[in-house]
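All chains, full assembly: derive it from the sequences and hints.
For the protein sequence lines, the chains are A and B, in the order given. By the count of the working numbering, the first sequence reaches residue 208 at its end, each step adding exactly one. By the count of the working numbering, the second sequence reaches residue 208 at its end, each step adding exactly one.
None of these hints come from the bench; they were simulated from the model. Hints may contain errors.
Since the list can't tell identical chains apart, any single copy or any two copies may satisfy a pair.
No farther apart than 27 Å at their CA atoms in a straight line, the calculated lysine-lysine pairs in the BS3-like style are these [claimed, not checked]:
1. Lys53 to Lys27
2. Lys208 to Lys195
3. Lys178 to Lys27
4. Lys208 to Lys194
5. Lys204 to Lys27
Protein chains: 2
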Amino acid sequence: MIFHQFFEKESSTYTYLLACEDTREAVLIDPVVSEIEHYAQLLAVKNLTLAYSLDTHVHADHVTAANQLREKFGCKTVLHRNSGVACGDIFITDKSAIRIGDILVEARYTPGHTNACTSYVVEGMVFTGDALLIDGCGRTDFQEGNAATLYDSIHQQIFSLPDETIVYPGHDYNGGLSSTVGQERLHNARLGNGRSKQEFIDIMQKLNLPYPKKIDIALPANKACGK
Amino acid sequence: MIFHQFFEKESSTYTYLLACEDTREAVLIDPVVSEIEHYAQLLAVKNLTLAYSLDTHVHADHVTAANQLREKFGCKTVLHRNSGVACGDIFITDKSAIRIGDILVEARYTPGHTNACTSYVVEGMVFTGDALLIDGCGRTDFQEGNAATLYDSIHQQIFSLPDETIVYPGHDYNGGLSSTVGQERLHNARLGNGRSKQEFIDIMQKLNLPYPKKIDIALPANKACGK
Ligand SMILES: [Fe+2]
Ligand SMILES: [Fe+2]
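In structure tokens, the structure reads:
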């Protein structure tokens, strides 16, 4: 499998490219509109065809490249049915999957940060978007966020994966690239060490985060697939 | 919307083409491998691009055209995650959806005839495959069939649609083209007129149907996308 992790500085967003070495089909997970040239370059260098652009959720902090990638490469755009993004091509739900060559990309519905959050599981890796972050998790005070729901999603859909599964988050603000399910299950500051749901809800309620800077631009843009 | 109903005589199979008049994108539901030239002709005449080939389930009575359509037109093949068809492109689950232009094709999981049966709902129409047939239903004695499950599927996922919804079945052996939800809900010989689940189970158990003629050829072929 071909694997590449991209980083977009302004919003500290990670974008992932996965591709089948045989068929040369590729998917991008959470592409950022400003970074299209980087994706195009890698696709060309590696001789890959972009088949799908996947979003883990409707982002509030950056604009998705979904629509521009669709226009440029003819790929299909994929996101959860609950996203309310009418311009998407394929609307997945829990346990839906997308195949590229030998690779199966499996969707696990992980709401709580938003009501459309989906994690993607691929061969020993999980792309968690903003559900589970390294030593943290997505905020739950916007976009139908709900701490109790997020707790259940992470426990049932992510911590139930084998401990050695590599966690690739949607963001990291401290330079971390990846973690593992075991590491987060045991040591995540908000969820690790068997923390109860009520403890987690209390932590999330006390975060007192500022209003998201780009939400008023990013949300309407992403509801239009980044147009 | 562009709509066309095809009939394949040998297995009495209905295939449906739906397309967006604006974008000229099309889907085929339950295409039969022997009929590819008919589909190709209509696509050409109407100037349509085949975006997706959808199967309602893994058929036991005819071979799907999915793989040949994919090779000929570059479309993506779609079926339920439970199908066990590893060569599919997009594996849907209940409430997944596919968009072509203005048209949303919504999946409703309707197991019972098989464990992967999906009905597709599109603007006042429901494509029921072999779950609900005109004045009948699919058999439940093969492919993880289960009469109680089928009863629940039809009641919860099909009879819950508005009565005027047009029912387009996967087969009809008596020349019927379509029905309506109201008609079937009230008058279907096996399910109509408020028949109980136990009555339905008894009816299905007493059908005493012959071994499906083509199942030993069709099933392995369809598990390989019709290759
Ligand atoms: Fe987010
Ligand atoms: Fe069937």
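The hints, checked one at a time:
no., hint, verdict
1, Lys53 to Lys27, "both (17 Å within a copy, 25 Å between copies)"
2, Lys208 to Lys195, "within (16 Å within a copy, 49 Å between copies)"
3, Lys178 to Lys27, "neither (45 Å within a copy, 57 Å between copies)"
4, Lys208 to Lys194, "within (20 Å within a copy, 52 Å between copies)"
5, Lys204 to Lys27, "neither (31 Å within a copy, 32 Å between copies)"
Violation of the numbered hints given earlier is confined to hints 3, 5; the remaining hints are satisfied by the structure.
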